[in-house]
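Colleague: Here are the chains, one letter per residue:
Number of protein chains: 2
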Amino acid sequence: MTLYIIGLGLEGAASIQQRGLVAIKQCSSVFIETYTSGSRDNLIDDIEKLTGKNILQVTREKVEQSRIILNSARTTDTAFLVQGDALTATTHNQLRFDALGEGITVEVMENASIITAVPGYLGLEVYKMGQVVSLPYVSEKFFPRSPYDKIISNMERGLHTLTLLDITETGYMSVNEACDILRKMNDQFGRKLDLETLKVAVVHAYGTRFLSARYGVLGKLCSLKYTENPSTLVIPGKLDYNEQEFISHFNV
Amino acid sequence: MTLYIIGLGLEGAASIQQRGLVAIKQCSSVFIETYTSGSRDNLIDDIEKLTGKNILQVTREKVEQSRIILNSARTTDTAFLVQGDALTATTHNQLRFDALGEGITVEVMENASIITAVPGYLGLEVYKMGQVVSLPYVSEKFFPRSPYDKIISNMERGLHTLTLLDITETGYMSVNEACDILRKMNDQFGRKLDLETLKVAVVHAYGTRFLSARYGVLGKLCSLKYTENPSTLVIPGKLDYNEQEFISHFNV
Chain S
1 MTLYIIGLGL EGAASIQQRG LVAIKQCSSV FIETYTSGSR DNLIDDIEKL
51 TGKNILQVTR EKVEQSRIIL NSARTTDTAF LVQGDALTAT THNQLRFDAL
101 GEGITVEVME NASIITAVPG YLGLEVYKMG QVVSLPYVSE KFFPRSPYDK
151 IISNMERGLH TLTLLDITET GYMSVNEACD ILRKMNDQFG RKLDLETLKV
201 AVVHAYGTRF LSARYGVLGK LCSLKYTENP STLVIPGKLD YNEQEFISHF
251 NV
Chain V
1 MTLYIIGLGL EGAASIQQRG LVAIKQCSSV FIETYTSGSR DNLIDDIEKL
51 TGKNILQVTR EKVEQSRIIL NSARTTDTAF LVQGDALTAT THNQLRFDAL
101 GEGITVEVME NASIITAVPG YLGLEVYKMG QVVSLPYVSE KFFPRSPYDK
151 IISNMERGLH TLTLLDITET GYMSVNEACD ILRKMNDQFG RKLDLETLKV
201 AVVHAYGTRF LSARYGVLGK LCSLKYTENP STLVIPGKLD YNEQEFISHF
251 NV
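Residue numbers (this note's numbering), protein chains in the order written: chain S, 1 to 252; chain V, 1 to 252.
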């Protein structure tokens with residue numbers, strides 16, 4: 001039997017690939033994980049309508065144990081649906097190699113990822129992206145230095161930093177919360193950034209019809225109110241001529 | 001009228017998204033560019049069969065001038081098909097912003113990219129990827145230092161280097177040619193790498209049924225003969241436990 005690990009891309013049912021649709025329709029069991037990127041409105045309903053299949057939602061714990069999916073794939077063709085690209089989360093690769101280890105055939109179907117989509121949307125060169133940073137909620141007990149150091153290190157090399165904002169069970173980190181965390185980190189770790197005048201881009205609501213971006217100095221962007229979700233921050237490094245021209249379309 | 005810039009993903013017609021298929025079918029003019037990643041066997045035929053549309057192939061020069069596509073999009077819904085992701089090439093973003101500047105509506109449809117697919121396939125964390133490197137053919141007159149410096153810089157930070165091999169009109173750079181170029185660069189720029197014992201991964205023939213990977217020391221990988229194309233090199237930085245476990249499935 002075959003386990004199909006299928007990336008859904010960024011637009012829900014509309015961004016399922018031809019081969020993904022064929023695979024889902026031929027599978028007896030179809031699972032979806034919704035915890036790595038939140039759940040879009042109507043996502044499961046839309047895919048059920050498109051494919052005629054009943055889709056089972058799995059929690060983080062179930063994916064990590066992964067027994068339920070592997071047991072299914074041992075006896076019947078099984079699809080595991082992932083928002084965005086198929087294998088960007090370690091747990092999904094764990095599932096894949098566990099399946100291979102049990103003699104189950106695995107077929108991976110990649111799809112669009114926020115990692116390449118956001119630079120492309122802003123007109124930034126994917127070749128000039130530095131290490132991706134995840135910005136977490138901080139507290140007195142949890143105040144990591146590594147996101148800050150990675151931003152500084154990318155900037156020193158002239159590279160752009162894609163900064164993913166945290167997701168919790170209660171929702172997405174807002175741009176205003178991200179500003180607050182960046183300011184706290186700057187205070188804590190030596191004020192290496194002039195945050196008020198630092199130029200940044202914010203991309204809102206990727207994968208929805210509300211997709212938009214704003215580019216300007218952080219001091220100004222942080223003073224705005226935001227309702228769009230989720231958002232992604234990009235801190236540009238050295239912009240070449242084309243990049244400068246493209247990103248300026250999003251000036252605020 | 002609308003210009004649809006549509007990423008085809010990595011598997012030809014099979015990886016077109018649902019929304020891409022809908023868009024192509026409603027367009028009067030459909031263009032495809034095949035110069036940034038070579039042309040897959042039967043790609044155009046397959047898409048023509050799937051969509052019922054006549055597809056016009058554009059050369060690099062035509063995309064860069066882009067007049068033919070913009071003229072089409074001013075009077076009729078027009079699709080521009082791109083292998084891989086939609087906006088990873090500067091020329092495609094230029095086309096997009098030129099269109100917006102002329103008042104043409106643009107809709108972008110992202111898709112899978114080799115940039116995220118290769119790390120995922122090898123089981124490497126996309127968050128630990130350093131700057132992407134393109135390895136060019138070198139000569140006495142053209143012997144750039146930057147690809148080498150980028151590899152060293154990524155390694156110093158413990159990051160993995162995705163190394164794309166050059167494409168020319170006559171074909172893809174082979175793994176053996178890449179080995180030869182890396183050795184020449186190492187000799188020229190201070191032998192900072194012990195190439196014979198450096199562990200690297202090679203991914204072959206992405207997007208075809210011949211997809212495979214090999215992981216081992218460069219000295220051994222370079223002594224093998226390769227027939228698969230195209231190939232992509234990854235020079236891992238510091239591997240964490242999961243990454244080490246996953247990539248070892250490809251040991252040679």
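None of these hints come from the bench; they were simulated from the model.
Be aware that one or more of the hints could be misleading.
Given that identical chains are not distinguished, each listed pair holds provided it fits within a single copy or across any two copies.
[To be verified] With a Cα cut of at most 25 Å, we get these calculated DSS-like pairs of lysine-lysine:
#1 K225 x K62
#2 K199 x K62
#3 K62 x K150
#4 K192 x K25
#5 K128 x K192
#6 K238 x K150
#7 K225 x K150
Colleague: Determine for every hint whether it applies to the structure shown.
Modeller: Outcome of the hint check:
{"no.": "1", "hint": "K225 x K62", "in the structure": "neither (37 Å within a copy, 43 Å between copies)"}
{"no.": "2", "hint": "K199 x K62", "in the structure": "neither (41 Å within a copy, 34 Å between copies)"}
{"no.": "3", "hint": "K62 x K150", "in the structure": "neither (32 Å within a copy, 40 Å between copies)"}
{"no.": "4", "hint": "K192 x K25", "in the structure": "neither (53 Å within a copy, 52 Å between copies)"}
{"no.": "5", "hint": "K128 x K192", "in the structure": "both (21 Å within a copy, 23 Å between copies)"}
{"no.": "6", "hint": "K238 x K150", "in the structure": "both (16 Å within a copy, 15 Å between copies)"}
{"no.": "7", "hint": "K225 x K150", "in the structure": "neither (27 Å within a copy, 39 Å between copies)"}
In summary, the structure is inconsistent with hints 1, 2, 3, 4 and 7 from the numbered list given earlier, while agreeing with the others.
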